[in-house]
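Position chains B and C relative to chain A; hints supplied.
Residue numbers (UniProt numbering), protein chains in the order written: chain A, 1 to 266; chain B, 1 to 283; chain C, 1 to 321.
In case anyone wonders, no lab produced these hints; they're calculated from the structure. Just so we're clear, the structure is a prediction, and the values are computed from it rather than from any experiment. Take these hints with a grain of salt, some might be off.
[Stated by the list, open to error] Quick list of in silico lysine-lysine cross-link-like pairs, DSSO-like style, CA-CA up to 30 Å:
no.	chain 1	residue 1	chain 2	residue 2
1	C	K290	B	K7
2	C	K67	C	K107
3	C	K30	C	K56
4	C	K67	B	K7
5	C	K9	A	K156
6	C	K107	A	K93
7	C	K71	C	K4
8	C	K222	A	K156
9	B	K7	C	K30
10	A	K156	C	K290
11	C	K289	B	K7
12	B	K78	A	K4
13	B	K7	C	K19
14	A	K4	B	K7
15	A	K93	C	K73
16	C	K109	C	K9
17	C	K4	C	K222
18	C	K9	C	K71
19	C	K61	C	K106
20	A	K93	C	K56
21	A	K93	C	K106
22	C	K19	A	K156
23	A	K93	B	K7
24	C	K9	B	K7
25	C	K61	C	K112
26	C	K222	B	K7
27	C	K71	B	K7
28	A	K93	C	K71
29	B	K7	C	K56
30	C	K109	C	K61
[Stated by the list, open to error] Some chain A residues near chain B, calculated using beta-carbon distances under 7 Å:
no.	residue
31	F16
32	V17
33	L23
34	A94
35	A98
36	I106
37	P107
38	L197
39	S198
The beta carbon of each residue, even a glycine, is placed where N, CA and C say it ideally should be.
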Amino acid sequence: MIRKKAWFLILTLLLFVIPLTALLLQSLSAPWRFHTGQGLDWGWQGYAILFENPQLWEATFISIGIGFAVLFMNVTIGLFTGKALVSYAYRGKAWLEALLLSPILIPSLAIAMGLHLFMIRIGLADTIWGVMLIHLVPTVPYSIKIFHNSYQQMGKAMMEQPHILGAGFWTQVFTVELPLLRPAIRSLTFLTIVISLSQYALTAIIGGGRVLTLPLVFFPFLDNANTSIMAAFSIWFALIPLSMYIIIEVLMMFLPYSRLPWRNHR
Amino acid sequence: MKLFKNKTFLLFLPAGAFLIIPFYGFLYAVIQSLGGEGFTHYHEILNSERFLSSVWFSIRTAGIATILSIILGLGFTKWFYPLLTHTSHRVMVWIPMLFPHFVWGYMIILLLSETGWMAQAFTAAGWLEDRSNFPVWTRDPQGIGIIITYVWKEVPLVILLLFPVYASIRPEYYALVDSLGGNAWHRFTTVDLPNLLPVLVESFLIIFSFTLAAYEVPALIGTTFPEMISVLGYEWFYGSSWDDRPLAFAAMVLTSLFLLILTLVGYFILSRPRWRAMRGNRP
Amino acid sequence: MTQKKLEMKNITKTFHQDKILSELTFHLEKGEIMSIVGPSGSGKTTLLRILAGLEKPSDGKIIMNGKDITKQKANRRSISLVFQQPLLFPHMTVKENIVYGAKVSKKYKEEKVDSLLEAIGMVRFQNHYPSEISGGQQQRVALARAMATEPEVILFDEPFSSLDPSLRQDLRYWVRDFLSSRETTAVFVTHDMEEAMIMGDQIAVFEDGNFQQIGTAETLHKSPANLRVASFLGGHLILNDHEFAPLHDVQVGTKKTVEDGVNFQATVEHITYQHGRPIAHLYVIDLKKKVSLPFDGTFPSREVQVTIPTDSIRTFSGETL
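With the rest of the complex left out, here is chain A:
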């Protein structure tokens, strides 16, 4: 067991922790030139130059806005569908699940290209709303899966209990289901935001380059920025889901029956 643990730590450090640390160090120092025998030259220049770019701030706010909207729609659709799938006990359930998963199996590029003309016609092309809608395609199937699993773990009986006691649909959702779905909402927050931040092609096609999100700033940056700035930009990408996670965690404290430090003293 100890040997196993040692191997585990070596592998995770080497493959996951050290790359992240290196990226962090690079973002805090001038571009590395070890082959010339130079050491680290510390400094905030990477971040300073990055933040001077007005596009970065605009893109950050737009990305966060899109991220929250996409997350909200994901939670709503995921919750209803997860609940419905647990209540659904008829034949063809496996096919229904496959159908709901299919949007992530069809290339999203094909979907975005196909929708492009339609979005122009209904006036959603080149708007933030169109981009939000297209970002649902690669995220919602995951949300449905996560919520379905969570509801299954909760069990049908646990969902019948508040109903028997006399709770209405929404009371039940807010007092029992959402508090118990908290871990699912956490995973969903990360997954949805990161996927939304990963979309260059979809955003470029539907947003027409006029909806400026972070990937749309990142790609052109590659050609003319040095490694310190790009490393800082990379770290910036990870900070967004982290900070949104904290916001969601704070929001979830307002759910009924949350365990808070100032509650339930005994």
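Quick look at chains B and C alone, frame taken from chain A:
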């Protein structure tokens, strides 16, 4: 029961509304690929050397990346799942999931390109005479950079998907196989595999369809020839002449159809009674 | 007192062409506790779920206080159901669980919650989370939560079956006293005859989708309606489809003891002890039936004679009616 059915139906409405987006998009892609001219565009791309080599390159690259991700992720989970019950351990493993794919791809460039950190460090240590002697692993014609990026990024996803399955397998089953005189291979095939198979098939489909058709990583770390199908499609879509657009649609529709058939085969395998029975009471 | 609280009329439930309940009819009076006892898988739970409103009957009517409530949803019915598992909400404390029941049914009064906590002896644990208390305590809280909704009828679905035997015994009496002190109308489902006798004023033997007999424990034992009831009770030697003899009239010996009686060959399979007395488990060869009965003394051999005096042989009450 009827009333209950109605209520369940209402709960499915949001998902139904959502499904309109991808299905309408796909349908429209099919219509535009035909462009009122029948299958001419399909004829054209199927006779195009560029398209065919791109298809082969895409399937090969995505296939290798997917299979490697699944094998490595499965091995990692199998060996280390008792350790993964600690939240801090899981957080470490899931670091790559915090970054978008193309950012991780950029990290690979920083790390493994001919001017990257590894090349620098090896030169400084005297193991390499010159940085240019470092092998070409990024923007290479073999797709090595693409594969490395995807594998590095997807292994944590595979672990994420497989970990709950391993956590739910009751250890008594291993003891049972042992008591019946089975070895490690028997343990894996009779206990692990029936539990894992649905998740493995699903993981394969999710990762393969993503790596086959995603644009960002190959655009960042790939070459112009051979190129991944998504890059080719994007180029045709935004190319100099509008005449290429139907070709983009035809290429993406063919990719979609290929993936849909693959999915059907996967689900057909999973819905065979033998596997259903082995999955037992897990609905 | 003889006001009909809850009535079921011709309730039928079919599932995939299987008849789970066929034309069930019964009623409960206010303050009455009825035990429904029957083998596992006989549809008792379905019956409770239909009463609670979690499932719809295929046919028939449910009437409460003279009003048809068949179409009413579970959360609108003044009926509460305590499940086999306590199903406490894990994110709420003991007290919050009880308050929850009171609040969602809009019957919240602070004194009531306090008195319920007092009644279940959980005042000291009111701020504990369900995971921090024992199974028996959890089931008591589940009961208090159900009572907090002030239901007119409370249903129990084998509420003690997940507890260990010693705890089960204590809780049975506790629940029984709790219900009768509040004059609560209740239906109690179990597969254990002893539990059914402790909990219910009336016992309904349920098998094959219908009630075989409803009556007090005494009535059931003195005059079982049919073979099914008798074999479920286990207190009789069933001679054939129509006749039986109470076990306490059955005599066992090495030889035929009574002149005027029926005689059977039997073998002693095993001897166990219960309530301090030895119990002989016999296999009556001629009837191909196993019986267990207390006895005094010892058997000299495995082969014994079972004798039933002629005047002890009865006919099932269902047949004479």
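Hints and how they fare:
The straight-line distance between the Cα atoms of K290(C) and K7(B) is roughly 51 Å, outside the 30 Å bound, and the hint therefore fails. Only pairs whose Cα atoms come within 30 Å are accepted, and K67(C) paired with K107(C) is accepted, the gap being roughly 22 Å. With a C-alpha separation of about 24 Å, the suggested pairing of K30(C) with K56(C) holds against the 30 Å cut-off. Restraint check for K67(C) and K7(B): the C-alpha separation of about 25 Å stays at or below 30 Å, so the hint holds.
In summary, the hint linking K9(C) to K156(A) is supported, as the alpha carbons are separated by about 28 Å, within the 30 Å threshold. In summary, the hint linking K107(C) to K93(A) is not supported, as the alpha carbons are separated by about 40 Å, beyond the 30 Å threshold. Among the hinted pairs, K71(C) with K4(C) is consistent with the structure: their alpha-carbon atoms are about 19 Å apart, no more than 30 Å. Between K222(C) and K156(A) the CA atoms are separated by roughly 42 Å; this puts the pair beyond 30 Å, and the hint is violated.
The suggested pairing of K7(B) with K30(C) is violated, with an alpha-carbon distance near 34 Å, which exceeds 30 Å. With a C-alpha separation of about 41 Å, the suggested pair K156(A) and K290(C) falls outside the 30 Å cut-off, and the hint is violated. Among the hinted pairs, K289(C) with K7(B) is inconsistent with the structure: their alpha-carbon atoms are about 51 Å apart, more than 30 Å. Only pairs whose Cα atoms come within 30 Å are accepted, and K78(B) paired with K4(A) is accepted, the gap being roughly 12 Å.
The straight-line distance between the Cα atoms of K7(B) and K19(C) is roughly 25 Å, inside the 30 Å bound, and the hint therefore holds. With a C-alpha separation of about 51 Å, the suggested pairing of K4(A) with K7(B) is violated against the 30 Å cut-off. For the given pair, K93(A) sits about 26 Å from K73(C) by alpha-carbon distance, which is consistent with the 30 Å threshold. A distance of roughly 36 Å separates the Cα atoms of K109(C) and K9(C); the hinted pair therefore is violated under the 30 Å criterion.
The suggested pairing of K4(C) with K222(C) holds, with an alpha-carbon distance near 27 Å, which does not exceed 30 Å. Restraint check for K9(C) and K71(C): the C-alpha separation of about 14 Å stays at or below 30 Å, so the hint holds. Pair hint K61(C) plus K106(C) holds up; C-alpha atoms about 27 Å apart against a cutoff of 30 Å. Using a Cα cut-off of 30 Å, the hinted pair K93(A) and K56(C) holds, with the two alpha carbons roughly 22 Å apart.
At roughly 38 Å between alpha-carbon atoms, K93(A) and K106(C) are farther apart than 30 Å, so this suggested pair is violated. The hinted pair formed by K19(C) and K156(A) meets the criterion: a straight-line CA distance of about 24 Å does not exceed 30 Å. Between K93(A) and K7(B), the direct Cα distance comes to roughly 17 Å. Compliance with the 30 Å bound is thereby established for this hinted pair. With a CA separation close to 27 Å, the supplied pair K9(C) and K7(B) stays within the 30 Å bound.
Proximity of K61(C) to K112(C) is assessed by CA-CA distance (about 33 Å); at most 30 Å being required, the pair is judged violated. The straight-line distance between the Cα atoms of K222(C) and K7(B) is roughly 50 Å, outside the 30 Å bound, and the hint therefore fails. For the hint pairing K71(C) with K7(B), the CA-to-CA distance comes to about 15 Å; that is within 30 Å, so the pair holds. The suggested pairing of K93(A) with K71(C) holds, with an alpha-carbon distance near 28 Å, which does not exceed 30 Å.
At roughly 14 Å between alpha-carbon atoms, K7(B) and K56(C) fall within 30 Å of each other, so this suggested pair holds. Taken as a hint, the K109(C) and K61(C) pair is broken in the structure, with Cα atoms around 34 Å apart against an allowance of 30 Å. This hint holds: F16(A) has a C-beta 4 Å from the nearest C-beta of chain B, less than the 7 Å allowed. Against a cut-off of 7 Å between C-beta atoms, the interface hint on V17(A) holds, since the closest Cβ of chain B lies about 6 Å away.
At about 6 Å, the closest approach between the beta carbon of L23(A) and any beta carbon in chain B falls short of 7 Å, and the interface hint on this residue holds. Because the closest C-beta pair between A94(A) and chain B is about 6 Å apart, less than 7 Å, the hint holds. The criterion of a C-beta within 7 Å of any C-beta in chain B is met by A98(A), whose closest approach is roughly 5 Å, and the hint holds. Because the smallest distance between the Cβ of I106(A) and any Cβ of chain B comes to about 5 Å, under 7 Å, the interface hint for this residue holds.
For P107(A), the interface hint holds, the least distance from its beta-carbon to any beta-carbon of chain B being 3 Å, beneath 7 Å. The interface hint given for L197(A) holds, since its Cβ lies 5 Å from the closest Cβ of chain B, which is under the 7 Å cut-off. Because the smallest distance between the Cβ of S198(A) and any Cβ of chain B comes to about 4 Å, under 7 Å, the interface hint for this residue holds.
Of the numbered hints stated above, those contradicted by the structure are hints 1, 6, 8, 9, 10, 11, 14, 16, 21, 25, 26 and 30, listed in ascending order.
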